[in-house]
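Q: Spelled out, the chains give:
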Amino acid sequence: MKNGFVIFLAAFAVLASSWGAFVLAPQLQLGGAKQVTVLNSTDVYPASRPGEAAQGLQIYRANGCAACHTEQVQQDGVACDVVLSSAGKNPSVVSNLISTLKLEGITEEAAQAAADQITAAGGKVETHILATGPDIARGWGLRHSVAEDFLYDYPVQLGGLRIGPDLADVGRRLPDANWQLLHLYAPKSVVKGSLMPPFRYLFETKKIGSTPSPDALNLPKEFAPAAGYEVVPKPEAKHLAAYLLSLHADVPLYDAPFTQLSASTNAPANKP
Amino acid sequence: MSDETKTCSTDSGTEPTAARLHLPMWILVALLTLLYLGGIYFDHHSGWFDKQVYSPYSNAAMLESYQPKSGAAAALAAGRKSYEAVCGTCHGNDGLGKPGQAPQLAGSEWVNTKGHNRLAHIPLAGVSGPMQVAGKDWNMSMAAMGAALSDADLANVLTYIRGSWGNKAGEVTADDIKGIRSGMGGRPQMMTHDMLMAMPE
Amino acid sequence: MTVNEKQIDTSCRVPLLVLFGGAALWLVVGSVLALVASLTFHMPDKFGDCPWGTYGHLQPAADDALLYGFCIPAGLGVLLWIFARIGQTPLRGAMVPVVAAHLWHLGVLAGLVGIFVGDSTGFAWLEFPRGGSALLFFAYLLLGLWALMNFSGRNERGMFPSHWFLIAALFVFPWIYSTANILLVGWPVRGVVQAIIAWWFGNNLVFLWTSLVGIGAAFYFLPKFSGRPLHSYYYALFAFWTLLLFGSMRGVPVGAPVPAWLPALSAMNSLFLIVPVIAIAIIGWKTVRGGAGRECKGGSFCMIKFSFVAFILSALLLVTSACPHFSRLTQFTWFGAAQTQLQLYGFFAITMFGAIYHILPRAVGIEFAFPKLIRVQHWFAMAGIILFVVSLVIGGVVQGLKLQDPNVAFADSTKAMLPFLRASTMGLLFMLVANLLFTLNVIALIFAWKWSVAKTVFAFLISPLAKTEVKA
Numbered sequence: 606m607k608n609g610f611v612i613f614l615a616a617f618a619v620l621a622s623s624w625g626a627f628v629l630a631p632q633l634q635l636g637g638a639k640q641v642t643v644l645n646s647t648d649v650y651p652a653s654r655p656g657e658a659a660q661g662l663q664i665y666r667a668n669g670c671a672a673c674h675t676e677q678v679q680q681d682g683v684a685c686d687v688v689l690s691s692a693g694k695n696p697s698v699v700s701n702l703i704s705t706l707k708l709e710g711i712t713e714e715a716a717q718a719a720a721d722q723i724t725a726a727g728g729k730v731e732t733h734i735l736a737t738g739p740d741i742a743r744g745w746g747l748r749h750s751v752a753e754d755f756l757y758d759y760p761v762q763l764g765g766l767r768i769g770p771d772l773a774d775v776g777r778r779l780p781d782a783n784w785q786l787l788h789l790y791a792p793k794s795v796v797k798g799s800l801m802p803p804f805r806y807l808f809e810t811k812k813i814g815s816t817p818s819p820d821a822l823n824l825p826k827e828f829a830p831a832a833g834y835e836v837v838p839k840p841e842a843k844h845l846a847a848y849l850l851s852l853h854a855d856v857p858l859y860d861a862p863f864t865q866l867s868a869s870t871n872a873p874a875n876k877p
Numbered sequence: 015m016s017d018e019t020k021t022c023s024t025d026s027g028t029e030p031t032a033a034r035l036h037l038p039m040w041i042l043v044a045l046l047t048l049l050y051l052g053g054i055y056f057d058h059h060s061g062w063f064d065k066q067v068y069s070p071y072s073n074a075a076m077l078e079s080y081q082p083k084s085g086a087a088a089a090l091a092a093g094r095k096s097y098e099a100v101c102g103t104c105h106g107n108d109g110l111g112k113p114g115q116a117p118q119l120a121g122s123e124w125v126n127t128k129g130h131n132r133l134a135h136i137p138l139a140g141v142s143g144p145m146q147v148a149g150k151d152w153n154m155s156m157a158a159m160g161a162a163l164s165d166a167d168l169a170n171v172l173t174y175i176r177g178s179w180g181n182k183a184g185e186v187t188a189d190d191i192k193g194i195r196s197g198m199g200g201r202p203q204m205m206t207h208d209m210l211m212a213m214p215e
Numbered sequence: 051m052t053v054n055e056k057q058i059d060t061s062c063r064v065p066l067l068v069l070f071g072g073a074a075l076w077l078v079v080g081s082v083l084a085l086v087a088s089l090t091f092h093m094p095d096k097f098g099d100c101p102w103g104t105y106g107h108l109q110p111a112a113d114d115a116l117l118y119g120f121c122i123p124a125g126l127g128v129l130l131w132i133f134a135r136i137g138q139t140p141l142r143g144a145m146v147p148v149v150a151a152h153l154w155h156l157g158v159l160a161g162l163v164g165i166f167v168g169d170s171t172g173f174a175w176l177e178f179p180r181g182g183s184a185l186l187f188f189a190y191l192l193l194g195l196w197a198l199m200n201f202s203g204r205n206e207r208g209m210f211p212s213h214w215f216l217i218a219a220l221f222v223f224p225w226i227y228s229t230a231n232i233l234l235v236g237w238p239v240r241g242v243v244q245a246i247i248a249w250w251f252g253n254n255l256v257f258l259w260t261s262l263v264g265i266g267a268a269f270y271f272l273p274k275f276s277g278r279p280l281h282s283y284y285y286a287l288f289a290f291w292t293l294l295l296f297g298s299m300r301g302v303p304v305g306a307p308v309p310a311w312l313p314a315l316s317a318m319n320s321l322f323l324i325v326p327v328i329a330i331a332i333i334g335w336k337t338v339r340g341g342a343g344r345e346c347k348g349g350s351f352c353m354i355k356f357s358f359v360a361f362i363l364s365a366l367l368l369v370t371s372a373c374p375h376f377s378r379l380t381q382f383t384w385f386g387a388a389q390t391q392l393q394l395y396g397f398f399a400i401t402m403f404g405a406i407y408h409i410l411p412r413a414v415g416i417e418f419a420f421p422k423l424i425r426v427q428h429w430f431a432m433a434g435i436i437l438f439v440v441s442l443v444i445g446g447v448v449q450g451l452k453l454q455d456p457n458v459a460f461a462d463s464t465k466a467m468l469p470f471l472r473a474s475t476m477g478l479l480f481m482l483v484a485n486l487l488f489t490l491n492v493i494a495l496i497f498a499w500k501w502s503v504a505k506t507v508f509a510f511l512i513s514p515l516a517k518t519e520v521k522a
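Protein chains in written order, with the numbering used here: chain V, 606 to 877; chain F, 15 to 215; chain G, 51 to 522.
No wet-lab data here; the hints were simulated from the structure. Possibly wrong hints are sitting among the right ones.
With a Cα cut of at most 30 Å, we get these calculated DSBU-like pairs of lysine-lysine [claimed, not checked]: (1) V/K639 / F/K150; (2) F/K112 / V/K729; (3) V/K793 / G/K355; (4) F/K192 / V/K729; (5) V/K812 / G/K465; (6) G/K465 / V/K793; (7) V/K707 / V/K729; (8) F/K65 / V/K729; (9) F/K112 / F/K150; (10) V/K694 / F/K150; (11) G/K355 / V/K797; (12) F/K182 / F/K95; (13) V/K797 / G/K505; (14) V/K826 / G/K465.
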């Protein structure tokens, strides 16, 4: 290789293939993505974020929240639960059969086989599909994150380091705007031992006027301002809270299937 | 200016050169082995560029097998999808029909029947002429809107119609539709009120 | 030193002073920001009253100050000098790189201010808002084109392996930087394609660019210092192509919310990187081993040997973190941050320290004012980066084990990190001391040069006067 031009050409070829694989191909494959239909429903997903939440994304960006929080739920595997919906005419036969079968956390093939056996015995079953993995077990989401979750976001803030918990589905997990505001102002007031720095500059401490502001935070004593003062969220804080509440990645999609169970079993655990 | 004989100038010999020893064979063999193993890894994990396949799914077939498909809920949901695409325009997504376009299905005596033979003939062959639905007189014609649907799709649509908006008739299976379709022959004649009444419920 | 070599060295003087001087200042700025950012973990409550004091502002600013403020201008300066030396040709038109260097440093300043006022773009390694990044792009283009023109006009026509690495690096940056800025900032693409492009960009800049420039420089200095030929041309050729090919085709992490082929392709190429890493390690080992053995007491040779080992380790960490199960464990942990810091500081910055300590006195013709501090600086830099990387690699694995176990509350995974973060803060403190010592020497040299220039100018101004006096 005596010639600089040869190096140039070859480096060009290598970089062009890298560019083709990681810029052009993803853009061709996903750049024109549209809304998709939610499994078992005619609803479409995602909806674009409402105005306040969209402004909140800009607060999230400007403050570099993605330095500590990810927005990508991980899924390690998928499993099936076979659930008896009706025992049919021979309940004793079916229940005997069921006691001999493994029906939870099994593969789709095993679930199919078990369902066939039970159906043959006269029972009726439903197969539930469940995402598995530590993130799912922690309640951070119901399924892995997919491209559709971020269709209308700019900038997409996936993050890469979990100094704080994952936020991809935080709107389902912690749906209370007041909780979010309290947590932003004084994280320790709602989460004991939290290491998150407070974001007091998103709030205003001001003298209570003739009537207390309806937005004033209802803080526990050790975090409350001096008597006669109140803490009121600035618009930035409200927008940020609206954005956090808008983070819902909780519907089943073709590329991320799972069975939606009734609200009671899926109830959000109110923990951070 | 500084003294040229200081440390900074003592070590600068000639410019470096490169020896011309050839690459050992083992490193090329190692590279090829690695490329082979990498190919296996890619084959198992990539889903071969399918845009629907995400980790932890390894390919499109595995993803397809984990789509919810059993259970009445799945049939109803699939039926709703087809109904809203094919029938809802005239019969209404709420099943209440539209004046001058199509009669209501909610609470209709043609839907809430014990069997589903007559009901299935309507979308499969079409219907025309005077008939009474839920106490109202109609005299219009409907093409064989369901003939193009698959057995399973039509079964799902009928199951959905018979299980929604207060209707409480039983489900229809793909095998039922298959039987009815084959009984009708190649080019069925459009149904009338009398023809429907003449066949078993 | 032949007259020709002295000409070559002095021809680079002014551009190098601007590039290295500014880089040294940004190095200190970056490490102060990094240190303050890491204090957030030890006293989170103190950082809540002003926006620019939060981790989310400080950390990206610290990263960018290190990468754009120090690494790139230092690398470009070393590149200019190496081109001039191997090509046996004095640098022509030195004013162009001087202007470009000023534009570059201005761009870094604009970008950092942008981050602090909340104008960050929100993409890792690309945080600088438009104004700053446009300046950086044009400054790089100007400097890169000038370097290539000087390269094509070289007297010694033969090419040395360092040439390949450095030319490829010159070419990589404008390509990835323009792509990323156009598709992420100018006319943004939709959805996760943004994240994919940002990962691709970050990898090609933080891993590929620094590897090309740092290894290019090491392949020049290692044979030079050890007095032996590079071992060997064909090894280097092989390492170059495999590094470029596999190193550029990766970047998407394992669990990313993108179709599986992207993380699979990335992981596969990351694993392939083991091949160029082995080749590069053999080159370094066989070149240095049994060499003339120039005394290594914390001088340039010592630094470049250390940084070379740091590159091998950094690349091995990268390969390890792509292994099938380990990648799940370490993603989202401090493991990645440790690897990045090892790459940027342990490998690249220390290579640059070694190179600059060697180049600058020659180019300026003035010795460093505090030569003893060079050794002290090296010890602090080594201690700092070792402390930082070891604590965060172990901490990252511990954190990963806790994150992978759903029975461990999330807060415990954070708390378990605190001792490791304390150690890493100490590491940052050591690196700050090292950076201050480096900057002290560089700035003192610049002032010594300015003083000597001022004296010359002054002597020139008064000399006619003296003559007339004599005449009178």
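Q: Give a verdict on every hint.
A: Hint by hint, here is what the structure shows:
1. Between the alpha carbons of V/K639 and F/K150 the distance comes to roughly 43 Å, so the proposed pair goes past 30 Å and is violated.
2. Restraint check for F/K112 and V/K729: the C-alpha separation of about 38 Å exceeds 30 Å, so the hint is violated.
3. With a C-alpha separation of about 48 Å, the suggested pairing of V/K793 with G/K355 is violated against the 30 Å cut-off.
4. Using a Cα cut-off of 30 Å, the hinted pair F/K192 and V/K729 holds, with the two alpha carbons roughly 23 Å apart.
5. Note on V/K812 and G/K465: the hinted pairing is violated, with a Cα-Cα distance of about 37 Å set against a maximum of 30 Å.
6. Of the supplied pair hints, the one linking G/K465 and V/K793 holds, its CA atoms being roughly 14 Å apart against a limit of 30 Å.
7. This hinted pair checks out: V/K707 and V/K729 have alpha carbons roughly 16 Å apart, not beyond 30 Å.
8. For a cut-off of 30 Å, the pair hint linking F/K65 to V/K729 is broken: about 35 Å separates their Cα positions.
9. Restraint check for F/K112 and F/K150: the C-alpha separation of about 12 Å stays at or below 30 Å, so the hint holds.
10. In summary, the hint linking V/K694 to F/K150 is not supported, as the alpha carbons are separated by about 41 Å, beyond the 30 Å threshold.
11. Annotation: proposed proximity of G/K355 to V/K797 is violated, straight-line Cα distance about 48 Å (limit 30 Å).
12. Pair hint F/K182 plus F/K95 holds up; C-alpha atoms about 19 Å apart against a cutoff of 30 Å.
13. Restraint check: the Cα-Cα separation between V/K797 and G/K505 comes to about 65 Å, which exceeds 30 Å; the hinted pair is violated.
14. With a C-alpha separation of about 26 Å, the suggested pair V/K826 and G/K465 falls inside the 30 Å cut-off, and the hint holds.
Violated hints, listed in ascending order, are 1, 2, 3, 5, 8, 10, 11, 13; each of the other numbered hints is respected by the structure.
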